[in-house]
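K.L.:
One-letter residues, chain by chain:
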Amino acid sequence: MSETLATFLASTPLLEEAWRLCSIANTTFPGGYLVEQIGSVAYVAFSGKQMDSGSEQRCRNLVPLDAEDGGPFAPLNRHSQAEEPIKVHNGMLNLFLSMYPGLQIQIAALMGKVKSVVITGHSIGGSTASLSALWILCQLQSTSSPISTVLCITFGSPLLGNEALHRSILRQRWGGNFCHVVSKHDIMPRLLFAEMVNHNSKIQALLHFWQWCMASPHVIVTSLSSQLPDDIKDTVFHCVLKDLELLAQAEDPSESLFWPFGSYVFCCQEGAICVENTVSVIQMMYLTLATGSPSSSINDHLKYGDYVAKVSKQFLKARNFHEEGLPDSSYEAGVALALQSSELTDKEPVQDLGFSMQNSNPRKEVPIMAKYCLQMAQNGDKPNLTAANLAIKLSKIVPFRAEIEWYKACCDEADDQMGYYDSFKLKGGSRRETRVNLNRHKLAGFWNSVILMLENNKLPHDFDRRGKWVNASQFYKLLVEPLDIADYYRTGMHRERGHYMEHGRERRYEIFDKWWRDRSVPEKENKRSKFASLTQDSCFWARVEEAWEWLDNVRSESDVTKRRLLWDLLHKIGMFEKYARELIENKEVSKDVVAKNSSFSRWMEEWKELKSRVQQLPPWFPGFVDGEVVP
Amino acid sequence: MDSHTLGEITGFREELIKKTCSIAMEAHKSPEKPYLVEKSRTSSDVFFSFPGSWSVTHWFTRKPFGAIKIDQSELLSPKGNDKVATSIKSIGRDDLATVNEGFLRRLEMILSSSSLQSEVEKAITEKKQIVFTGHSSAGAIAILATVWFLEQYLKPEKSRLSPLCVTFGSPLVADFIFNHALRRENWSQYFLHFVMRYDIVPRILLAPLSSMEGELQQILYLLNQKEMFPIQGYIAEASKFYETVMRNASALASHAACQLMGNTNPILETVASFIELSPYRPSGTFVFCTGNGKLVVVRNADAILQLLFYSSQLCSENELETVAERSLNNHFDYQSALQESLNMQNVVNLDHLEGLQLSSNGAAAENIATNMALNDLGMSTRARLCLRAGGEHEKQKLINQKRMDMKKADIEAGLAMLEDYKIKSAVCQVGYYDAFKISKDEDDFKANVKRLELTGIWDEIIELLNRYELPEGFESRNDWVELATKYRRIVEPLDIANYYRHAKNEDTGPYMYKGRPRRYKYTQKWREHALRMPVGSSGESCFWAEVEELQLYRTTNPGTFEDIRERILNLERKLEEWIHGKQISNDVFLEGSTFTKWWRSLPLQHQSVSRIQGLMNS
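Chains as they are written, first to last, in my numbering: chain A, 1 to 631; chain B, 632 to 1249.
If you're looking for bench data, these hints aren't it; they were derived computationally from the structure.
From the three backbone atoms N, C-alpha and C, an ideal C-beta is built for every residue, glycine too.
Some hints could be false.
Selected chain B positions facing chain A (Cβ under 8 angstroms, derived; list incomplete) [to be verified]:
#1 708
#2 889
#3 897
#4 990
#5 1011
#6 1012
#7 1023
DSBU-like mimics (lysine-lysine), calculated; alpha carbons at most 35 angstroms apart, straight line [unchecked claim]:
#8 B/1117 - A/468
#9 B/1117 - B/1028
#10 A/596 - A/514
#11 B/1117 - B/1145
#12 A/468 - B/1028
#13 B/1038 - A/396
#14 B/1039 - B/1213
#15 B/1135 - B/1026
#16 B/1117 - B/700
#17 B/759 - B/710
#18 B/1135 - A/442
#19 B/1213 - B/786
#20 A/591 - B/1145
#21 A/313 - B/871
#22 B/1071 - A/527
#23 B/789 - B/649
#24 A/514 - B/1077
#25 B/710 - A/591
#26 A/572 - A/587
#27 A/458 - A/393
#28 B/753 - B/871
#29 B/789 - A/468
#30 B/1026 - A/458
#31 A/393 - B/1028
#32 B/1145 - B/1228
#33 A/396 - B/759
#34 A/468 - B/1135
#35 A/562 - A/572
#36 B/1205 - A/530
Chain A extracted, bound-state conformation (with noise of 0.2 angstroms):
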């Protein structure tokens, strides 16, 4: 399937369309970039000829992307501090920001003109591709835009960023907005993957002759690196092969500094593949460049024209398996074409490398490598299914979230009048809630395996948009998140991490949130008139929580001279007031927050008597009025 994925890929106009604007940024734009109109798609090609990429591009240095004040990847900031940054080159970076405002203007002349965007650039290009799509799909999330969709296609892109990069694309679910095109053994891709601090002069060199040749197009590309002397051609090329096959080798990638995102269209004479899976693609780089020679590796830079043009014409002829031993199963039949198509079969006279690898062999291991690293990329379940069978899971746990819904219905009318969350708070040990957080538990289980499965793409890339499952997102969210804040703050988590809302909010609840913001229904606005069965405001009871800690540090502060913190107190007070008498005016929360003996009707009465003290003191707040603080 990663091979019919390419082929689809290769019978759109669009790989060729993007290459041919590349070329043409290369040779006639050093430096910048340029932007043509196709139809109602609009292609902004990257030159790879930088003038000052040199100096800053050899080092492996990472800076962090999200910057405090926001810019322009303000919504792609960590989840929570207990994460690693997202980092990328520090001089791809700059070299983006230093086309940024021009690309502002350009793009925002583009809006209404059309439909799409396709952003595109070779070599160090490709990088400055990749982090200009991020930046506009940032800002298509922030704002409504006539533009649909960015695909990002590079040609022999460096490395961008690390493992934080790459999981943030995950859960944008960005995933399939970036294709990286690979050539053989391009080793510019791979460079980043190495340790190079020896080699510093080198990289430059190599990166020189590079920029050199963009330049000239029309100087025939064997001959080329002929030019280069064969100690810095032979320095690269082992440094990088090793560190990639140290790499390859790893169970686990978390090794490595810089993390490869979005899908890799690895490209050889015989046809191409396409891979998205991270291991795959790591080990599919390691291959594909055992089978190359110090030469190969840096001609194959420069030789995209001629991988696209083959690629793209591969449709008109039927290609046959010529091999003996087909396998019979459908499965493992593509994996051996994907196979073929990446020149990795048993019959591929690879080269000798000239130096001694970890492996006595590489000819031999590399087919088998090969296999088992498509087999990985192949994921053999089909998402529909996986869908299906989740969906049979979700009903097999409905009667779990009845059971809460019950017990709800049983706090708000018992005669204690403390309403469901504060019964549940206060009974946590009893036998019925003891079994309502069993419930609970089940649940949070299913709903965080579903964002797993979601993740890691096993399910179809529009179920975060069907009714179903946004739906019973949202019903399991306000019903069940009063649970945990009520569980947080019974066993003093609070105390330990701090509140709930910043500190305590599971991860599960936030994509819910964004669930229900993105569903295609517009809000409509309608008066209540009763209670709604859920509070709305699924983190209402995390607020009562801090009220009430603002509450007591007002009336403990006995020091009057603190004036400022407890002007600050009281505003927060009087803004949550406000809130919550307008979620109560419009009937937008559940008659459990009104009940007579529930936390937020005592904290309420506490708060008025206290009210009416400070009312008292005049000299204290002369702008406080009833429950807002003028300033």
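Assemble the complex: chain A is given as a structure, and chain B must be docked to it using the hints.
P.N.:
Okay, now just chain B, sitting in the frame of chain A:
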């Protein structure tokens, strides 16, 4: 594989096929006549054939593919409130088929300006076997005429004899929903399409107009030459045209194959959104002619699409000009090819595709004939893998159906339990609708869990239907239509009760417009389709929703009656019908029911003359 003749495999008489071929070719000779009719002297067959048309505007009325939804024309989709919905759609999802506008308008024109309709009706009264046929674009007209006949005469049982349709080198006319509908109605078997291995015409509509605007008119002009035409002078144009069509066919076929294989990489859809993929898909039975006398019969539409692309591929690069030339010449080879094939009777029936041999050589004895025929169609290993994917997809649909069939017992048990709940609740004089709406007892909680369990099963069915992953006939299977109706009548009132209990109408709006789950909308349409009822006429399970809305109206606008008088009369009229038809049970009249309370609140003068007054008081 046992060897059979073409007639045995397809169910079409061979002399009928031969006859249609010569009649189809004959029709081109009188382009001034909108159609030709010919009666067989030896049998009861009546043949209707059409001349072709070779103007670009007849093929593409608009960009990108000249296709429209069938409701843009009255021909296949009659309009009007009390009309039965067209069959040329998916029932539950209600996706209408898309067809080529040019060909549809042409048929409209023929029907309105000629005596075709009266000739057809005459043939019906004479109990003749009607056969529509056409070569090239006339094949498309024949297909649409056949569907028009099926929809117009066979479906309402104005005719008991199904028509037949035989085409030669016809372009594709409609999308996959068209195929879905034909298969569901069991009409697919009446269509037989012959395609020569290299004939470009059946593939032309796989490419968007914009990609071939320069060449198309010229190529169509060449195809219009009735004698052996001087293609030699146009090799360059022919090659370019062939390449364009094949590039687009490749994109379409590989996109379809990725979907069949269960692709998870989101890049597929991103890239697809940048290009124009043809909506046209094959339908009916296809017979591919290898060019050396062999015939390959295929029914799997996914596989036919792959065959259309792969069988025209080159064997080597230097073949381009030869094949491009043949892609035009082949369009006129049907008569001779058919003659040869019927003499040879080397026919392969390509079913059980999921087990197709992948390698082109070394077949086991029983597969030799299939393997050789596929080789003669140029089926490479990659092509065969795609054919298999088509077969596996079909098999998967059957597996899905089996899985749902196994759940019928669970559904029955769940319904029985809710039936009990209904009876128990009636004892307390409130009815299960109101008992559930109040939800005070453990029984109500248990009923709710059962409701949710059943919801899970039905939602799964709906989900499968939405993705077309059940066999096409599923929505018209009697056992399922009946079970679904039973389910809908018992459980939907509970959903409505739940909806109004939680005041969801204030969140989202009235149940009927905003809150009704698809599992009920779909299954209502199943019943209406199966019994040929007018659209929306089987809404008995929504009775309570209308009661709730009318009651709400009365509460928010106290004292008003006249504004909703029509709605009330309508509801009473329907209720009477449903009670008599036992589609709604008497528990709605219990003392504690929302309905009774609401009805009693209506003005007395209305109550006293109401048609259901008797029912209320009994």
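K.L.:
All hints are to be evaluated individually against the structure, with a verdict given for each.
P.N.:
Verification of the supplied hints:
1. 708: This interface hint is violated because 27 angstroms lies over the 8 angstroms limit.
2. 889: holds, 5 angstroms
3. 897: holds, 3 angstroms
4. 990: Interface hint status for residue 990 of chain B: holds (5 angstroms vs cutoff 8 angstroms).
5. 1011: holds, 4 angstroms
6. 1012: holds, 4 angstroms
7. 1023: With a closest approach of 7 angstroms, the residue 1023 of chain B hint holds.
8. B/1117 - A/468: Roughly 23 angstroms separates the two Cα atoms, so the pair holds.
9. B/1117 - B/1028: holds, 25 angstroms
10. A/596 - A/514: holds, 34 angstroms
11. B/1117 - B/1145: holds, 23 angstroms
12. A/468 - B/1028: Answer holds: residue 468 of chain A to residue 1028 of chain B is near 21 angstroms, not above 35 angstroms.
13. B/1038 - A/396: holds, 14 angstroms
14. B/1039 - B/1213: Between residue 1039 of chain B and residue 1213 of chain B the Cα gap is close to 23 angstroms, so the pair holds against 35 angstroms.
15. B/1135 - B/1026: violated, 41 angstroms
16. B/1117 - B/700: holds, 33 angstroms
17. B/759 - B/710: holds, 30 angstroms
18. B/1135 - A/442: holds, 27 angstroms
19. B/1213 - B/786: Holds, because 28 angstroms separates the two Cα atoms, which is no more than 35 angstroms.
20. A/591 - B/1145: The given pair, whose Cα atoms are some 25 angstroms apart, holds under the 35 angstroms limit.
21. A/313 - B/871: holds, 13 angstroms
22. B/1071 - A/527: holds, 27 angstroms
23. B/789 - B/649: holds, 29 angstroms
24. A/514 - B/1077: At roughly 33 angstroms apart (the allowed maximum being 35 angstroms), residue 1077 of chain B and residue 514 of chain A satisfy the hint.
25. B/710 - A/591: violated, 49 angstroms
26. A/572 - A/587: The hint holds at about 22 angstroms.
27. A/458 - A/393: holds, 16 angstroms
28. B/753 - B/871: violated, 48 angstroms
29. B/789 - A/468: violated, 42 angstroms
30. B/1026 - A/458: holds, 22 angstroms
31. A/393 - B/1028: holds, 20 angstroms
32. B/1145 - B/1228: holds, 26 angstroms
33. A/396 - B/759: violated, 56 angstroms
34. A/468 - B/1135: holds, 17 angstroms
35. A/562 - A/572: holds, 16 angstroms
36. B/1205 - A/530: holds, 31 angstroms
Consistency with the previously given hints fails for numbers 1, 15, 25, 28, 29 and 33, ordered from lowest to highest.
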